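Let the hints inform the model, and build the full structure from the sequences given.
Chains as they are written, first to last, in my numbering: chain A, 1 to 103; chain B, 1 to 166; chain C, 1 to 656.
Source of the hints: derived by calculation from the structure; they are not laboratory data.
Computed from a prediction, not measured in an experiment: that's the story for all the values here.
Beta carbons: idealized from backbone N, C-alpha and C, even for Gly.
Do not rely on the hints blindly, as some may be mistaken.
[As the list claims (entries may be wrong)] With beta-carbon atoms standing in for the labels, derived distance ranges:
1. C:A25 <-> B:G95: 31 to 39 Å
2. C:K59 <-> B:E133: 48 to 56 Å
3. C:R564 <-> B:V97: 53 to 61 Å
4. B:G95 <-> C:V581: 44 to 52 Å
5. C:V588 <-> B:S4: 52 to 60 Å
6. B:E124 <-> C:V640: 39 to 47 Å
7. C:T95 <-> B:V97: 44 to 52 Å
8. B:W159 <-> C:V640: 45 to 53 Å
9. B:V97 <-> A:L82: 21 to 29 Å
10. C:A184 <-> B:W159: 38 to 46 Å
11. C:T95 <-> B:L154: 29 to 37 Å
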Amino acid sequence: MSVGLNSFLALGAVLFALGLYGAVSKRSAVMVLMSLELMANAVNVNLVAMSRFLTPDVLTGQLFAIFIMVVSAAEIGLGLGLVLAIYRETKSIELTTMDKLKG
Amino acid sequence: MSASVNGVAFGLLAFAAIGGAIGMLSSRNVVRAAFWMLEAMTALGGIFLLLSAEFVALAQLMVYAGAVSVLMLFVIMLTLRRREDAVRSLDLSVGAVVMAAVFGMVIYAGVLGYRPVPPPMPAEPPGVAALGEILFTHWMIPFELASVVLLVALVGAVWWAGGGDR
Amino acid sequence: MGWVAAIPLLPAGAFALMAPMSRKARNAARWLSVAAMAIALVMSLFVFAETWGAAKEAKHAKLAAASAEAVPGESSGELAEVYRGTFTFGRIGETELNFGILVDPVSAAMLVVITLVGTCVQVYSIGYMHKDERIGWYFAVLSLFSAAMLALVLADNFLMLYLAWEVMGLCSYLLIGFWHEQEAPRRASQKAFLTTRVGDVGFALGLAVMYKASGSFDFDVVLGEAAAWAPGVALACALLLLFGAMGKSAQVPLHVWLPDAMAGPTPASALIHAATMVAAGVYLVARALPIFEAAPAALSVTMFVGATTALVGGLLGAVQHDVKKVLAYSTISQLGYMFVALGAGGFVPGMFHLVTHAFFKSLLFLGAGVIIHACHTQDMREMGGLAKRMPWTTATFTAGSLALAGIFPLSGFWSKDEILTALWNGQHYVTFFVALLAAFVTAFYVARLWFRVFTGYAHHPKAKEGHAEMLAPMVLLAAITAVIGFSSPAFAGFLGHKGHWPAIGMAVGSSAVALSGLAVGWWVYGRPGAKLTTDSLKHRFGYLYDMLAQKLYFDHAYDAVFVRPFVNGSDALSRFDLRVVDGAVNGVAAAWNRLCDWSWAFDVRAIDGAVNGLGTSVRKAGAQLRKLQVGRVQVYQKYVLGAVVLLMLMIAMKGA
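Take a look at the structure:
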């Protein structure tokens with residue numbers, strides 16, 4: 001048994017949807033950040049799979065995956081820094097309590 | 001390099017990755033959720049290895065399975081006053097389920113109908129050496145910029161987390 | 001024989017099934033772990049039988065070949081390989097990453113030892129841990145550990161060995177800190193993890209040297225080429241590997257974690273910190289022996305480390321009051337014996353002592369577990385007189401003690417004798433006498449332990465014998481301990497060497513030493529009318545006793561040399577941060593503030609006037625729109641997501 005590009009794209013789609021659900025529904029800031037990581041990873045799966053099956057001799061997809069990793073590592077560092085800062089202010093990491101911008 | 005990969009390995013790894021994601025979303029304990037995420041990320045590392053992207057696989061392991069997971073656990077540790085705080089409600093949201101499911105299904109349907117023309121495959125995957133060469137020639141400037149991004153993020157995160165009100 | 005791969009996969013599967021379960025389900029599923037281990041035991045026995053047959057054939061073939069040549073006699077010590085299978089799971093550049101399985105006499109013997117002791121410990125644990133509310137997790141980790149250890153002995157390359165090695169380190173950490181609600185186990189687990197990590201760094205560097213020298217991790221390639229390496233390379237590689245082994249096998253000066261590791265559950269100590277994991281270092285050195293032989297200095301270092309450890313461990317064990325700590329130091333000392341044997345080039349004695357030690361030391365630990373359960377203390381000053389209350393435990397524990405002391409016909413006698421013979425024949429006379437001295441000390445503390453626990457005043461007159469499922473494994477282990485010694489020459493033949501029965505002179509000599517040690521122990525602790533305090537000893541050897549009681553100051557020295565400078569350094573760095581780094585950042589911030597002030601002044605005068613008029617009209621519109629803005633980021637996220645989904649549906653409809 002062997003599989004091709006479509007299976008990988010499907011895996012990426014499922015993971016992305018799961019991450020999306022988590023990012024929208026979870027009320028804990030940490031859980032939301034985890035879901036965001038999941039989405040970034042789903043994108044990486046797509047990129048690397050595309051690179052492997054469609055442009056096997058140039059590595060653009062892999063390089064993009066690496067850059068996405070860089071950006072999401074930066075994002076997670078900043079995100080968690082923010083969570084800590086907010087936690088120090090409000091003693092809570094619930095997103096529902098973060099409504100200072102309420103109109 | 002052939003136009004397809006080992007289906008059994010893919011099946012196992014995809015099962016592990018999706019299972020990890022579902023475990024992460026459906027676990028009440030934040031610490032467990034972080035470990036489920038670690039599991040999913042590790043499985044995705046295997047997926048990358050399957051796609052003969054060895055460097056991405058290793059970076060995946062080091063960045064996600066290593067650094068990000070540890071960071072998550074640290075923040076969880078720092079933001080819990082008591083052990084019981086780790087257990088939370090599941091935050092089920094029907095609207096989110098429906099929207100994410102529709103989103104996923106539309107993409108899934110699109111993916112299944114996608115029939116690209118496979119290009120001729122080279123005999124050997126390009127390998128790590130080729131990746132390194134491109135990264136340090138053609139992609140030199142983005143690469144350096146990425147390091148600047150990381151530095152800025154590092155400084156910013158330290159500033160925020162370490163008390164920006166000074 | 002591809003099914004060999006199932007041996008480590010069975011317990012690994014048990015762990016994978018148990019880990020995601022809820023606590024309740026996991027507690028109920030503990031039989032899964034036991035069953036996996038029992039099946040692995042049966043399979044290991046089959047592997048052993050098959051390997052035994054193959055080794056015999058190989059020996060006959062070799063003898064036939066040897067008789068054709070001029071010189072018959074000493075066989076070359078090559079191991080008969082029975083099965084090899086590799087599974088490549090990835091490639092990085094030119095290098096293939098393999099999971100390889102190698103079955104030869106060494107791994108077959110280790111398989112049986114691990115699964116046998118493992119099964120005994122698991123059955124015993126059902127009784128020992130039955131009241132613990134996290135028993136399921138305990139069994140899951142025990143399974144993962146067994147899987148890692150089995151994978152370690154089946155590995156056909158150093159990289160996989162290293163992987164399994166690290167997984168074992170993790171399990172050891174988890175099991176030592178199993179009762180992490182208490183302070184001592186938590187600290188002990190961290191100490192164990194960090195100390196072994198120091199050794200592991202050496203191991204990793206050794207792997208790097210190895211890869212640099214031969215471009216491979218395979219046992220075949222590396223060990224075949226080792227003799228041809230530059231002497232410096234071989235020496236560096238051997239010493240680094242030895243350093244890793246010293247961390248894992250708790251050799252001086254990296255032994256400090258093992259006594260503290262006794263804070264974990266006793267059966268786990270029996271399996272991990274007596275029989276298997278700590279022996280992994282010995283196994284590593286035994287496997288890599290060709291590299292050591294390529295650099296004779298490394299062999300001397302191994303022997304020196306082993307001899308030091310054998311003596312120091314024994315001496316420290318002789319002043320401990322905690323039953324488990326006595327056994328822990330004894331383990332350290334016996335592991336030192338194995339290193340001595342390997343350092344003298346004695347592959348077979350080292351491995352045989354590993355096997356016999358695994359059985360009798362796990363037996364002693366299991367016995368100690370029963371005793372601790374009965375007395376609710378680990379301090380042997382508060383025990384005594386248990387012989388009448390606990391006949392089964394006493395009998396099996398006595399067998400284990402005599403084996404440890406090296407009394408004929410129990411297993412310890414045979415393997416110790418082989419080691420001493422190897423030392424004598426190798427003309428390592430100084431080491432020989434150190435080993436003899438260590439044997440004397442061993443017999444002494446064995447007697448001390450035995451007389452303190454089983455004779456004298458009964459502090460716990462109502463102590464009860466353990467459950468059947470705890471006693472059965474002990475009886476089995478005691479039986480093995482009693483008879484396995486007689487297989488000594490056959491075992492040597494199995495490993496491809498010529499076996500000998502012990503020479504009568506050596507046997508009498510070592511027995512005399514052991515008996516005199518026991519006699520001294522009896523005189524001090526067991527003699528009718530002997531005062532059961534350490535006072536007399538303390539007075540006579542005050543300074544020496546203090547030194548030993550403080551564990552030769554190893555912990556103090558580490559604290560002063562490594563821990564405190566590290567803390568001080570961190571403090572200094574933090575001060576640097578406050579003064580220099582923060583100063584710079586504050587300066588930039590002040591400049592920026594100044595700039596903003598100017599900008600503000602411009603803003604107020606020039607722009608505000610123009611904007612205010614526009615502003616009022618926008619505000620009115622905003623008052624309507626603000627009802628949408630609940631301020632919660634996820635509500636906005638839902639808006640966005642809804643819009644995207646709608647858009648996608650529209651595109652999909654249009655496309656269809």
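Structure versus earlier hints - violations, ascending order: 8
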